[in-house]
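Student: The lines below spell out each chain.
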Amino acid sequence: MVGLSVDSPAESQKLCQSRGYTFPILSDPKADAIRQYGVLHPNGGEGGKDIARPAEFVVDATGTIRWVNLTDDLRVRARPEAVLNAIDRL
Amino acid sequence: MLAGRFRGAGANDTDYTNREVRGLKRRRNILNWAGFAIVLFAFLSYPIFVPFPATRDIPWANYLLFLTGGALLAVGLRRAFRDSAHYRGKTSGSILAVLSVVLCAIFVVGFAYFARQIPPAGNALRVGQKAPAFVLLDTAGKQVSSADLLKNRRGLVLIFYRGYW
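In order, the protein sequence lines correspond to chains A and B.
If you want our numbering, it's the position in the first sequence, counting the first as 1, plus 6.
If you want our numbering, it's the position in the second sequence, counting the first as 1, plus 1.
Treat the hints with care, as some may be off.
[Unchecked claim] Restricting the straight-line Cα-Cα distance to at most 25 Å, the calculated cross-link-like pairs of lysine to any residue (SDA-like) are: (1) B:K91 x B:W34; (2) A:K55 x B:L126; (3) B:K143 x A:A16; (4) A:K36 x B:A122; (5) B:K91 x B:K131; (6) B:K91 x B:Q118; (7) A:K36 x B:K131; (8) A:K55 x A:T70; (9) A:K55 x B:N124; (10) A:K36 x A:P15; (11) A:K20 x A:G54; (12) B:K143 x A:P15; (13) B:K131 x A:L96; (14) B:K131 x A:T70; (15) A:K36 x B:G71; (16) A:K55 x B:F115; (17) B:K131 x A:K20; (18) B:K131 x A:N75.
[As the list claims (entries may be wrong)] A few chain A residues that face chain B, going by a derived Cβ cut-off under 10 Å, partial list only: (19) V8; (20) I31; (21) D38; (22) L80.
The hints are simulated quantities; they were obtained by calculation from the structure and are not laboratory data.
Nothing here was measured: the structure is a model prediction, and the numbers come from that model.
C-beta atoms are modelled at their ideal positions from N, C-alpha and C, and glycine is treated no differently.
Make a model of the complete structure from these sequences and hints.
Tutor: So this is what it looks like as structure tokens:
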């Protein structure tokens, strides 16, 4: 499992520490990977910065996308059970 | 209040000419303040309920708190206006009521409107497509590639999020 956002490594480190996350968080400051996955939120961030819209992808060992979750409400995210189900089906 | 009773049946409790009634201190209208405190808590407490999907996706707990606080304020205001001889709070209660309505409106609009300000996801990759490879820095400043993450693993979960700013 890996998290991605436009935050810098230092900012992500602060988040990891404050929440106790043990999975890697990657920095995509120019939103390159974010664009490639089609989850860009143009000007959605502070100061009009391009950021990611919330999204979850499950990718199998061959690199193929097997599950996608997009939300239309910032507060509503994928429930853990849904993600685990998707992983079980790999 | 007591002075009014001793004057006998038929005496009007709101007879202000009775010096003893005028001399009594009007009670502080605790319901107004309690109601507003609950509304304020309703407004600020969403982070407490966020870890639980049942109260996160639709903030039932907060809506209930708004209703409870609003009900207390309504009763308190009624008391202040109908029985102003014994209860204070016509002005302060009215101000608190307006503030409560404003807080509730901000909360509801925040959830119904701002949380939905996400662009349509027409461009998002779909099931069956190849996941693009990437090389990005982790929190230690080390380069991590998607190929490395997938090596010898059943799969990978990618969680894109807005960012912590």
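Student: Each hint needs a verdict: does it hold in this structure or not?
Tutor: To see whether the hints hold, each was checked on the structure:
no.: 1; hint: B:K91 x B:W34; in the structure: 12 Å, holds
no.: 2; hint: A:K55 x B:L126; in the structure: 22 Å, holds
no.: 3; hint: B:K143 x A:A16; in the structure: 12 Å, holds
no.: 4; hint: A:K36 x B:A122; in the structure: 19 Å, holds
no.: 5; hint: B:K91 x B:K131; in the structure: 66 Å, violated
no.: 6; hint: B:K91 x B:Q118; in the structure: 40 Å, violated
no.: 7; hint: A:K36 x B:K131; in the structure: 21 Å, holds
no.: 8; hint: A:K55 x A:T70; in the structure: 30 Å, violated
no.: 9; hint: A:K55 x B:N124; in the structure: 19 Å, holds
no.: 10; hint: A:K36 x A:P15; in the structure: 13 Å, holds
no.: 11; hint: A:K20 x A:G54; in the structure: 22 Å, holds
no.: 12; hint: B:K143 x A:P15; in the structure: 9 Å, holds
no.: 13; hint: B:K131 x A:L96; in the structure: 15 Å, holds
no.: 14; hint: B:K131 x A:T70; in the structure: 4 Å, holds
no.: 15; hint: A:K36 x B:G71; in the structure: 47 Å, violated
no.: 16; hint: A:K55 x B:F115; in the structure: 17 Å, holds
no.: 17; hint: B:K131 x A:K20; in the structure: 32 Å, violated
no.: 18; hint: B:K131 x A:N75; in the structure: 16 Å, holds
no.: 19; hint: V8; in the structure: 6 Å, holds
no.: 20; hint: I31; in the structure: 6 Å, holds
no.: 21; hint: D38; in the structure: 7 Å, holds
no.: 22; hint: L80; in the structure: 4 Å, holds
Hint compliance for this structure: hints 5, 6, 8, 15 and 17 are broken, all remaining hints hold.
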